[in-house]
Every structure is written in C-alpha cells, then in structure tokens.
Amino acid sequence: MSFWRQPGFWLNVLLVTVGGAVVILLGQDTLRETAFTVLMFIALASSLNIIMGFAGYVNFGHIVFFGLGGYFGFFLLSQLEWPLYLAMIAGGCLSVVVALVVGAAVLRLRGAYFALATIGINEAARAFVANFPPFGGATGLYVNFSAYDKYGGAGQALWWIFILLWLVTIATVVLCYLVKHSRFGLGLIAIREDEDAAMVMGVKAPWDKTKAFALSAFFPGLVGTLYFFKNGNVEPEDAFRFQLSLEILVMVMLGGKGLVLGPILGAFAYERLRGYLLISPIFKNLHLALSGGVLLLIVLFVPGGAVGWVRDRFPRLRRVLE
Amino acid sequence: MKRFRVGFAVVLSLSLILASLTAPPGATAADKTILIGFTASKTGKLNVEATRQINGLNLWVDEVNKAGGIKMPDGTKVKVETKYYDDESNKDRVQELYTRLISSDKADFLVSPYSSGLADAAAVIAQQYKKIMITAGAASDSTHKKGYTLVFQSYTPASRYLTGAVDILLKLDPKAKKIAIIHENDKFSTDVVNALKKYAEDKGMQVPLFEGYDSGTTDFAPFINKIPQGVDAVMGGGHFADTTTFARQLYEKKVSTKMIALLVAPPEPKFAELGEACISVIGASQWEPLAKYSPEAAKAENVEWFGVTVPEFLKLYEAKYGKEEPSYHSGGGYAAGLILQKAIETAGSLDTEKVKAALDKQDMYTFYGRIKFNTTPKLQGLQEGHEMIYIQWQKDNQGKPAKAAVWPAAAATASPFVCPTR
Amino acid sequence: MFAQISASVIDGLLIGFVYGIAAMGLSLIWGVMRVINLAHGATMALGMFCIYLLFTDVGVNPYLGLLLVVVLALIFGFIIYMASLHRVIQAGYLYTLLATFAVNMIVIGIGTMVFSTSPRNVDFSLGSIDLGPIILQGTRLLAAGASIVITAALYLFLYFTRPGKSIRAVSDNRAAAELMGIPSSQVLALSFGLGTMLAAVAGGLTSTFFPFTILSGGTYQLKSFVICVLGGLGHPLGALFGGLILGGLEGIVPIFMPVSWVPVVEFGLFVLVLVVRPTGLMGAK
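Protein chains in written order, with my numbering: chain A, 1 to 322; chain B, 323 to 744; chain C, 745 to 1029.
Because the hints were derived from the structure by calculation, they are not lab data. It is possible that part of the hints are untrue.
Calculated pairs, DSS-like style, for lysine-lysine (alpha carbon to alpha carbon, straight line, at most 27 angstroms) [what the hints assert, rightly or not]:
1. 230(A) - 678(B)
2. 700(B) - 230(A)
3. 150(A) - 717(B)
Quick look at which bits of chain B chain A covers, simulated, 3 or more residues with Cβ under 8 angstroms [what the hints assert, rightly or not]:
4. 502 to 509
5. 593 to 607
Listed next, with one range per pair, are the computed distances between beta-carbon atoms [what the hints assert, rightly or not]:
6. 24(A) - 919(C): 55 to 61 angstroms
7. 171(A) - 390(B): 56 to 62 angstroms
8. 749(C) - 489(B): 31 to 37 angstroms
9. 886(C) - 612(B): 41 to 47 angstroms
10. 499(B) - 877(C): 18 to 24 angstroms
11. 189(A) - 867(C): 37 to 43 angstroms
12. 801(C) - 717(B): 26 to 32 angstroms
13. 735(B) - 134(A): 46 to 52 angstroms
14. 886(C) - 30(A): 52 to 58 angstroms
15. 744(B) - 816(C): 49 to 55 angstroms
16. 30(A) - 919(C): 55 to 61 angstroms
17. 867(C) - 682(B): 55 to 61 angstroms
18. 886(C) - 592(B): 25 to 31 angstroms
19. 823(C) - 592(B): 16 to 22 angstroms
Values in this document were obtained by computation on a predicted structure and should not be read as measured data. For glycine and all other residues, C-beta sits at the position ideal for the given N, C-alpha and C.
Use the sequences and the hints to build the structure in full.
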C-alpha cells in the first residue's frame, strides 16, 4: 500500500495536522473556538464521505450518529463519571452498533428511498431521546462544573478537548485515505457506479455497504461526545439538528465528494463563511441563502465540487489532490 | 530619493504601530469604562420577552452614564458600555457568541440572555472563562445546582413560581382537588411544574394530567383533549408565544374549569391582544408596576434600599420608551444592572473575586423587590430574597381587559374570581 | 372517555385533510419526475406568509387570498423548475435532491432575513360548532372542505383535461410522450408548478389555525414524507388517505400515551413501511 509515499496522503494529513498544531501553539481562545468548529466539520464531512462519496448512498441523517454517540458518551461522562477518552470511544462504538442494526434494514433501499429513510431515522432518534429518562428526557443532560477539575480546570479542559478533536480529525482523514486506496474502497466505488454490476463481479455489496455505514458512524460519535462536553450540556434539539446534517452534505458537495481533500476544503470554506456572517446583523441570515446559492451553482455546473473541477482542468495535479 | 521614501514609510508605520500600542483610546487616568456583554433574542420565538428585558437593561445603562458612571468609594466614576448580539433564541449561537464576547470583545461582566434555557448555556461559558454573570429572565433552579460560583440570579426561582396559584385555588374553592398540568418541555417550565406538583400533592390534591409539550408547539388540541372532565384548575404553559397560543386554544375549545394559571405570558401587556380569551387567566409575575416596594417599607424591615423607586422607574421608562408599559421582564433587566452596580460600588473594584464577594454579601431592597443570594455551595447564586406577585386579567370599568394583582393579600388590588363557564 | 376519543379523532381527521393536500404536492412531483422536492416545506411557509400579509396588511379574507396564492404558487413553481431542475432532471436523484434542497436554503435564508423568525398569527376566526362535548372549529371544517374540493379538482384535471392527460403521459414514459408530440419539459414545469401550488395552499389553510414562522414548513415537510410513503409515492389520492391516516394517528395515539411519543410512532412507522413495503400501502410507481 505504501501510502506514506503518496503526495496525496501527505497533503491531506498535513493540512489538518499543521493547522491544528498552529492553533495549539498560539494558545488563543477565540482562534481555538473557530478552529474547533472547523475541525468538527472536517471530521463530520469526511466521515459522511465514506458512505456518500465512496459508496454513493446519500445519508441525509448523518447527524444521528453524532447525536446518539455523543449522548451516550456524555451520559457515561456526566452520570457515571467515566474518563473523557473512554467515554468518547464508547460513544463512537454505540454509533457503530446503531449503524449496524439500522443499516441491516435500511441499506436494502436504493436511491431516494434510502435518503428518505435516513431522515426518518434521525427524527425518530430525536423523538425517542426526548422521551428517554436516562438521557434526561426533553431537558437533556449536563455535567456538574466540577467535572472539568479532573482535567485541570475549565480553561485547561477546553484545550484538552481541542487536542483530542484534532487527533480524531487526523484519524478520520487518514482512514478516509486508506479506505479509498484499499480493495474495500474499490468495491465501494464499484457499488456507487453500478451496484448490480459490482455484485456480478464478486463484490459482496450488502456486507460492504454495512461496513462502510458503520465506519462512517464511528467518528461522529467521538466528535459528539467532545462537543457536548465542551458545551457542558446537551438537549435533544442540539444533538439531532437536521439542518446541520444537511450542511455537512453541502460541505462534502462543495469540496468534492469521493475525494479526501474535498470534505476538508469544503468544511473549511463553509465554516469561514458561516463564522463571518454569524455576527453581522444584516447578513447573518444571508449565510443560509448564500450557501444555498453556492450549492445550486455546484449542482448545476460543477457537480464535482471545487477540487473535482481543479482535477478536471489540471490532470497533472490528480496525484496530489486526492 | 527612493530609499528616502522607503525609509520614511518604514519610520511612519513603526511610529503609528507604537502609538496605537501605548496610548489607550482617549482615556484619562481617572476615567474607566466597563464593558457589559450579553446576547438578546431580537428575533425568534422569545423576542417579545427579550426585547422588554434589554429595554430595561439599556435604560439602566443610560441612567448610570447620565450620572457620570458607577460611583466608586475612592471618588472615581466608571462608565458603562454594552456590546450585544442577536442570539435568535438559539442555544448554539448563545454559546458561540458569549465565547466571542469574552475572548474577542473582552467583556468585563456579563448579563444572561432571556430564558432559563439560554441562560444556562451562557452560564457554562461564563464560568469556564471566569467571568461574573448576572442572570435576568432565568428562573430555573437547576442552573444553580451545577457548581457554578460566578452566576447570580435576579429572578425568583422556578420552584416558587406557581405554588401561590395553588393557594389562590384553595381560597376560591377549599374543596378543589384536581389540577391538570400542561407545560413546555424546557428547563424553566419543568422546574416550575415539578415544584408545583409536589406542593399540590403535599396539600392533598391530585394531578390527573401531567404532560410536557415540545418548545415551539402550535397545536395543543391533543393535550386539551386529554384534560379530564371536572378538573378544578389548568396550570402550566411555558414562554410567551406558546402560552398565548395555548390560552387561545383553551378558549376556542371552550374548556370549563375554575382556574387557569399560566407562565410568563399573562403578566405581559401584550397578552391582552387575546381579547375575551385572556379574561380570568392568572399569571405569576416577578414584578408589577403596582408593586408596593419603597424605601420606607425597607427601613421598617431594617434592610437597605438601593436605586430608583417604583414611580421613578415608571417615569424614566415612559420617558425613554413612550407608551410601552413595562412588564416584569423590563423590570428584571433594569434590576440586573442595579445588582451589578451595587456590587461594584461595595467592592470598590472591578476585580472578579472582589465583586463576587460583594454579591455574596448583598441584601437590599430595590424597586424590583428584595435581592439576596444563596451562598451555599449546593445552590450558589440562587435568588432567595425575591417574591412573586400573582395577577389576573379582569374587566375594568369600560369592559376592557386589565391586570389586577390578586395575591399575596398584602400586595393585592382586587380579589381573584373563578373562570366564567365557556 | 368516548367524548374524548371522538373529539381527538375528529380533530385529527380534520387536520389530516390539510396534511393530505400538502403531501399531494410532494407525491405528484415524485410521480411525474422522480424528484423529491426538498423545497416543499419552504413553499408551504411562503403560502402561510402570503395569506398572512394579504389578511393583515390588505384585509383580504384568507379564503379569497387562497385564490391569489394558487396563481402565485403556480408561477413560482414554474420558475423554480426552470432555474434549478431543468438542467439536472436527467442526472440522477442525488443532484435533483440537492438542487431542490439548495432552493430550500435560499428561500429560508431570504425569508428569515425579511420576516425574521418571530411567530406570526392570522387572527381569523369563523366561530365554532358545538356538538355537545365536541367543539368543531369553523376554520378547520372549512379547510377540510376546501381540501376535498381541491382533490376533486385535481382528479378532474388529471383525468379529463388535455394538460392533465399530458402530465400522466409524461409520468408514464417521458420518451414516448415526446415522440407523440408532447412538449415534455413544459409539462414537467407545469407539474412542478402544480405541486408547489398544492403545498402553498396547504400552508395557507394551516395559517388560519396555528401561528407560524418561516421555519414552520419543516415539520409539515417531514409529515408529508411520512404520508407519501404511507399512501404510496406518486398517487395523489393515496396522499389524501395517507394524510387522514396520519391525522387520525396523531389524534388517537396521545390518548394512550404521552403526546411526546407521537413523533416516535410516526417516524418509526415511516421507516417500517419504507423497509417492508416501499411502494406504500396503496402501491406506487
């Protein structure tokens, strides 16, 4: 596989690694907050890319893994006082289990029916959690502030959380690259192009799809736990935001689906736009309209996303822009 | 020549940089300013209440600056500036925006957004970055059970919100037995009704219906249809928008009961827009313009008085905002400013620890009522001194809806009456 | 107890009619061009605002205002189709989904900027009819009636007029229809306009019962998905029945469990039907 010799690998990994390292070294709070959101989006978009970009199954409810995994991780953290690292991984594992169970039923559907089903799953999960007493029901869960003392106080804790997120995002990007250049990934791409032909050629589609779905679920679970711990609380409304799910989709499309660099750039660009428009009183709602406009332009004219377009125009760069 | 120009440019830019670094923007040694940061729901479902709250707070800022600033013991005055953003009644934005207020805008002190849910989200951020936050419009007790040390509550907590309504009910009908509770599924309303249920059951009553609805619900028919026949009272609600809709639908569906007591909406003057539907509805209010707090009454109880009197507040509010009648949300906003002002004056400094110590010691009467904070570690910052006033919408001499205070007896201007059969 | 159940069921069914009209728009668009219109909710919200503005600022009776909404929505749908879908209609479901979603974002973004997210209310009351323990709201009865009239009109249009038959032809087989001389692009644009119109009318009717914001369409869009799947995507009549089933469910389920469980039941049923019988209870294309 010798992926460490490929420039495409290094470009992606270094972008995330160096970016995060700079933030850590500078030690500024506002920069860290912005970088947190960027890294979170990169991790979510990259994980969605596995099922949507590689396998071609559009998951409109990707956020459900963020929500369920995050809730579970946060529950372990706040109610049972597990250490953050363990709780985070447990959250990711729960998301994987949910993906396996749900995927068995839902991955049989094709095309638009699958997309609709994922929306239904997200809504059902939200309504369920809102009624589930161990998860706090409609008023959600919170940590007692002293929980941050285990990590050296709130100020330090916020930095630890950031570092963890940085590592998780690197892992996500590395995994995406490895999947893309593996036999497994090739099978997924074959499924995307023509599922029946792929099966005829020996790709075990049902099992491969499920594996991809489960893989895509793991990282959002980790990210969710970290995000809720940073905020100190979680409510059903925050954990299963359909709008965020769609925004992640836009990020993948914006950068270029099926590529590793695509979600990274797409997430970064989208977050910058959003952050800029967040505080401007006139334009704060325009960000949604602008994103919609950009998405429409991409869908109509540049379906490969930004990176896809560059790869089309400059074939020489294909080795680098993976 | 070229080298000279380049050199000149370098020297000029260097000196400009040095100048901007050293000289503070037009400030003299004796004149300080503090920046108070907050978010407000200028849009979104909480915008009615939030607008009132910031009107009150901004009025306080104006008055303090008109007097030259907050008076410190050493004679200097500290002027107040504010910075705020619109949080769109959205919790996520609140956390991002408060982080920005603290780290980029460098706010010295914080006031919470309106509503317990949003204030809770902001409180985490305030405590994480070690800034004092005075909450206004936040009554939930649960915020103060989370181990925060720098968050101080100006409202009477939720656990004491509707308990008086049970007392009113028993006065109207000592044989009343059943209360139906339909409430918003958010921190504030949940805290209120949990305390309400316990209080009612302790008095021997039953609660045959106890259900929560999602924030933002507009269709209350499924809940109203579940109200058993013959309940003595319907209580609950949440915030202004949903409670008003709930009251309207109770009227449209001709629900018959002896008493309707709802949260947040009835004390708002806008509630009168419901017309016939608002008559006889009881609400719990943090403060009313007809409140009887005064420096004399404070002296009689041996507690110090601080700030404007009730008539003075009403005059100032009318001068700035015209015909808009202040509701308790407006009063709460102004009171939050007063609390901070008194604490800074007592502490004689802007240092967070010293101001916190001053807040812990605070015990005073204001136009808004008594202010005293809980200082035990379990409930740090919870409001202990403040009391609720209950109002009911009744018809005035011209047959138009008007608020009357009906409880407690010492503050009452009229007697409560049973809901007319619909 | 009986009074409670009948009140709940009737309430649910009355709303169900309006749900049905909303879902019908979605179902029609899917049936004709295999597109899931993610701008459906936003269109409903626009319908609500239209009626609100006409009623509050101009004083027009909401039901008369609906007639104007019909015309505006048809034109609006036509424009959306030409601007966003025309180019990608053959490109596969992902691109059409994303195109309509982009339109949704644009409409919501501009709508939020213009109207903000503070709730609005159409204060229009037609009184009520007292049937003993059951109170029927005038506005809801009229909305249910309007829904039946609209369904009948749609049925007549699709089966007895030339444009209607063209629509059915294109949805059966676009290539063959072209060969028979039917301008399929125009027909697709017309169907999209019809679908948008149904959504806007449903929104307008809903505005007479409940307060709303530009974001309110989202909930109804989700319900429309559920209804279309229940009734079978592509069957407008199926959508009406699906709407009644959903409305009835929303009325009956809360009697036996807390109301907050209703969405769990709804979406659970949704996923179940999708997995077990994707063609819906009435069979779809």
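Verification of the hints:
no.: 1; hint: 230(A) - 678(B); verdict: holds, 25 angstroms
no.: 2; hint: 700(B) - 230(A); verdict: holds, 22 angstroms
no.: 3; hint: 150(A) - 717(B); verdict: violated, 59 angstroms
no.: 4; hint: 502 to 509; verdict: holds (count 3)
no.: 5; hint: 593 to 607; verdict: violated (count 0)
no.: 6; hint: 24(A) - 919(C): 55 to 61 angstroms; verdict: holds, 59 angstroms
no.: 7; hint: 171(A) - 390(B): 56 to 62 angstroms; verdict: holds, 58 angstroms
no.: 8; hint: 749(C) - 489(B): 31 to 37 angstroms; verdict: holds, 35 angstroms
no.: 9; hint: 886(C) - 612(B): 41 to 47 angstroms; verdict: holds, 43 angstroms
no.: 10; hint: 499(B) - 877(C): 18 to 24 angstroms; verdict: holds, 21 angstroms
no.: 11; hint: 189(A) - 867(C): 37 to 43 angstroms; verdict: violated, 57 angstroms
no.: 12; hint: 801(C) - 717(B): 26 to 32 angstroms; verdict: holds, 31 angstroms
no.: 13; hint: 735(B) - 134(A): 46 to 52 angstroms; verdict: holds, 48 angstroms
no.: 14; hint: 886(C) - 30(A): 52 to 58 angstroms; verdict: holds, 55 angstroms
no.: 15; hint: 744(B) - 816(C): 49 to 55 angstroms; verdict: violated, 39 angstroms
no.: 16; hint: 30(A) - 919(C): 55 to 61 angstroms; verdict: holds, 58 angstroms
no.: 17; hint: 867(C) - 682(B): 55 to 61 angstroms; verdict: violated, 49 angstroms
no.: 18; hint: 886(C) - 592(B): 25 to 31 angstroms; verdict: holds, 28 angstroms
no.: 19; hint: 823(C) - 592(B): 16 to 22 angstroms; verdict: violated, 38 angstroms
Consistency note: the structure conflicts with the earlier hints numbered 3, 5, 11, 15, 17 and 19.
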